[in-house]
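What follows is the residue order along each chain.
Number of protein chains: 4
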Amino acid sequence: MQKRKYLIIGGDMRSVYLSELLKKEYHRVEMYGFEKKYPDMKNKNLSLMISDTNVIICGIPLESAGGLVNMPFSAEALPVNALIEMISGDVFFVAGKIEKDIREQLDGKGIAYFDLLDREEMAVLNAIPAAEGAVELIIKAIPATIHNSRILILGFGRIGKVLSKILHGFGAEVWIAARKYSDLSWIEVYGYKPVHIKDLESYATDMDVIVNTIPVRMLTADILNKIRPDCYLLDLASKPGGIDFTHAEKLGFKVDWALSLPGKVAPLTAAEIIKRTIDNVFQEGSFTK
Amino acid sequence: MQKRKYLIIGGDMRSVYLSELLKKEYHRVEMYGFEKKYPDMKNKNLSLMISDTNVIICGIPLESAGGLVNMPFSAEALPVNALIEMISGDVFFVAGKIEKDIREQLDGKGIAYFDLLDREEMAVLNAIPAAEGAVELIIKAIPATIHNSRILILGFGRIGKVLSKILHGFGAEVWIAARKYSDLSWIEVYGYKPVHIKDLESYATDMDVIVNTIPVRMLTADILNKIRPDCYLLDLASKPGGIDFTHAEKLGFKVDWALSLPGKVAPLTAAEIIKRTIDNVFQEGSFTK
Amino acid sequence: MQKRKYLIIGGDMRSVYLSELLKKEYHRVEMYGFEKKYPDMKNKNLSLMISDTNVIICGIPLESAGGLVNMPFSAEALPVNALIEMISGDVFFVAGKIEKDIREQLDGKGIAYFDLLDREEMAVLNAIPAAEGAVELIIKAIPATIHNSRILILGFGRIGKVLSKILHGFGAEVWIAARKYSDLSWIEVYGYKPVHIKDLESYATDMDVIVNTIPVRMLTADILNKIRPDCYLLDLASKPGGIDFTHAEKLGFKVDWALSLPGKVAPLTAAEIIKRTIDNVFQEGSFTK
Amino acid sequence: MQKRKYLIIGGDMRSVYLSELLKKEYHRVEMYGFEKKYPDMKNKNLSLMISDTNVIICGIPLESAGGLVNMPFSAEALPVNALIEMISGDVFFVAGKIEKDIREQLDGKGIAYFDLLDREEMAVLNAIPAAEGAVELIIKAIPATIHNSRILILGFGRIGKVLSKILHGFGAEVWIAARKYSDLSWIEVYGYKPVHIKDLESYATDMDVIVNTIPVRMLTADILNKIRPDCYLLDLASKPGGIDFTHAEKLGFKVDWALSLPGKVAPLTAAEIIKRTIDNVFQEGSFTK
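Residue numbers (my numbering), protein chains in the order written: chain A, 6 to 294; chain B, 6 to 294; chain C, 6 to 294; chain D, 6 to 294.
Among the hints, a few may not be true.
[Stated by the list, open to error] Label pairs and their calculated CB-CB ranges:
no., chain 1, residue 1, chain 2, residue 2, range
1, A, Trp262, D, Ser243, 35 to 43 Å
2, B, Leu26, A, Thr210, 28 to 36 Å
3, D, Lys8, B, Tyr43, 55 to 63 Å
Bear in mind the hints are in silico, worked out from the structure with no lab data behind them. A virtual CB, placed ideally from N, CA and C, is assigned to each residue, including glycine.
Please build the complete structure, drawing on both the sequences and the hints.
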């Protein structure tokens, strides 16, 4: 296998694990933006580092607030467009959630890049650590076992599919709300109980746990009013989330909104997934240029 | 619920079970084309029957050879277009695999119809009896247990998904060949072993069972030459099938090509699936007219 | 590993597969009592063969009717005690279901022996082919899929445990009748529905399939009278079986009594189990002498 | 159903949930020893309460240090033998881990009693919350997902059986070490990888997680020296535990010893299990007297 020179700029624990995985395959890896957490990793001159690299990997997401490169373990403030400015021709650029203006800047400079979040296989595999993180939260939150609990999952996308499989393995009674008849058929095939989303109101009332995965307001005040007060509510959907949190708290529900679970729950596995996705892209030769 | 007058014309055992399921819900059901197997069900005047019905249900597929209505349990020869000719305005027409010329004839007469095979939920649910039929064939064919056998499934469509789930439940070592990276990721999520289809040749050699579900020639003479001679080959794909049968038999493989399993293995369940699909269509109001 | 000289005398297809497995590990294997099915395997002089062997393996069971060695693939009639008479000192003797008088004869001659059916690990592993055979019978017998069927298993011994696990993997609704509270707890742990055996009468009435594994008359005429007539009855228990077959047939039930499934359904796996059991005994040094 | 007068004396959150479950069935329930956590529950005169009760339920275990009744939510110090002294003839006495001297005192006074920990069905069902608690600890401890991790469980008793089932449902590679060949067979039946305990040393080296369930020193300093340093060690065995903790910490292992998980992880479920066990005992009429 071809050895490459990688430069990892920012990101969270996933970046740290990723560097170790790459070194295990004898690639050269340099790090920038980790000096606050790892004082040994002093930041060297970034321009020089960039000039001697094949692949730059930034975090997921690429940007933090204010258009800065996402570097939670660093005290530096590096604007994303300043970073791109420093990159020239022959480098591959990898990051998650690359905004439109940055894509245009990359295109303009003829730099090959791809967005990790555009890759379906990455999204599928990331559903595993996300689902395991949800399981941890549920065990911690409820006074009963998952075994024999009635759990309703809203949505049968990636996380819905993986989470339902694991909860079924615990012996929970798994209900899943979806809209399409073909999804409802799959739900039945897998041995879960299907609920048409239009009947959500009547089925939600008597659950031990409800997990939302749809980024649309599903549990409105109206529906929350009818739910058993000891039901645990867990939202895994990205903004704006699917629960009326203000109303849920007013009613006294135990409620959590858990975002970015893969990096928090299983950074090593999340790093492996990133590495494999990058490998696939190299193998396919499917960098956008 | 609204009571309807159903007329079932032809089809196999699924039609017989379907009539019983409809009667249990107090619909009126009449039958045409079953007199050879059920001498009690004498065929009455078809035109009269049609003139006093709301829904006509034919078999899957609608046609047998020569453009005749598929009526395996009848001695009559009724051309499909002659049947359509008899139908007038207010009747709903249901069948499987309605050919283009017949659709045009139905459209021309303004008759509301739908094709069962166009419904995704029906295809999904039918994967269950098909997979169970495949399991029966595998148990019968191999001298070992499914437990601990190495089984390679070609394709991760509906039948591939359901069959792999069941075989995994037996404790088999399940390998699945697919092409898309996202499918390979799902295969891993479910705990099976993924094989990229381009590597089929090297992985196929040492299996106890290979089940094909892709209607494309997958197991060519070249690949068959390399497969262990005691491997059982089962093809579930529709025509032209995925195995070079002539070559496989020349090499002495035990090989089966199993088509239309749902109606043969579990006609009652297959009839329930048809009934539910029809119910869904009525509920959606999604008849083509 | 030490190479041995094996002599296989009689038995069914398991014996044939066993000889191949032993040869794969470079043991010498000779066969006696297969000439009717395999004309190439002519029977040589038995005394001479015995005088040059380390281990003699007979069938399961050792005896067929009339005290003869169980040799279904042979035309010879060899009394078991005549066989034992020919054996002397240094040979290990292995068979299934060795009767008390034969054990005494072996003890008297100081021959080391063990009974395969006394080994718990063999009984456990044999439950797998037995359960798979039961699955094949169920798929064949019922007009519905196992998925979503209601299946009641009587007894939570070895076969009950393995069969329930597989049927659960199909997505059946699995009910299990047992007597001990600790068994009922385990049934619940595994996600099946527990029935106390004293309530059998009320739970048996509305099942799609009932599988008996207890060698005691469970389904009496009284209970059969209350069972839904389209319920499939399958008895896996050894004599006297657990179903009143005469009454069941009078009532028109579809009913099967399946014995000795492992050797019929999966002779290769059954032979592997025998081989591993013999290996364990040699490793333990636990031959009775 | 017969209504009873229950008196719950001490115990943890399980006692609190148990009181609610009993009230739901319209029994009268009084509480003693909860005033520190629930100031509303003032302790009344204990003798008077005892004189008007049918069933007394103490905690699991009955005693805390110094021979006192286990009452973590109370400031009172009540010796167990003083409590027994107050009880007279017609009361049923229930608790967990009743020591020999107390049993003799109960026998002497002719009081009917039983020890919850003597009931097999209670031990079986308690394995579920214990296993779920272990899962929570594992997810929290390791940087990878349980999916695809290699996990070795020492022991195939109750907790070993339930935990392996759940971890298998996550898609882990589950290895189990046991001593009996029949257990090793069951391990294989369920699709896990069997390890004979005598080979522990060679298999333990390359695991992501090792969970011990055997109350015997299994992971000695010698074995720990050979284990991969990033392996997470979790001990679920009661005293003296199965890991050389001092040595494990010296080597820098992440290691936990988790006891009494059911009451901590799922007190509601644990209370339901206690209630059902008491119901079973009443139904059987199996109080010791």
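Hints versus structure:
Separated by about 38 Å at the C-beta atoms, Trp262/A and Ser243/D satisfy the suggested range of 35 to 43 Å. Leu26/B and Thr210/A have their C-beta atoms about 31 Å apart, which keeps the hinted 28 to 36 Å range intact. Between Lys8/D and Tyr43/B the CB atoms are about 60 Å apart, so this pair conforms to the stated range of 55 to 63 Å.
The structure is consistent with each of the numbered hints, conforming to all of them.
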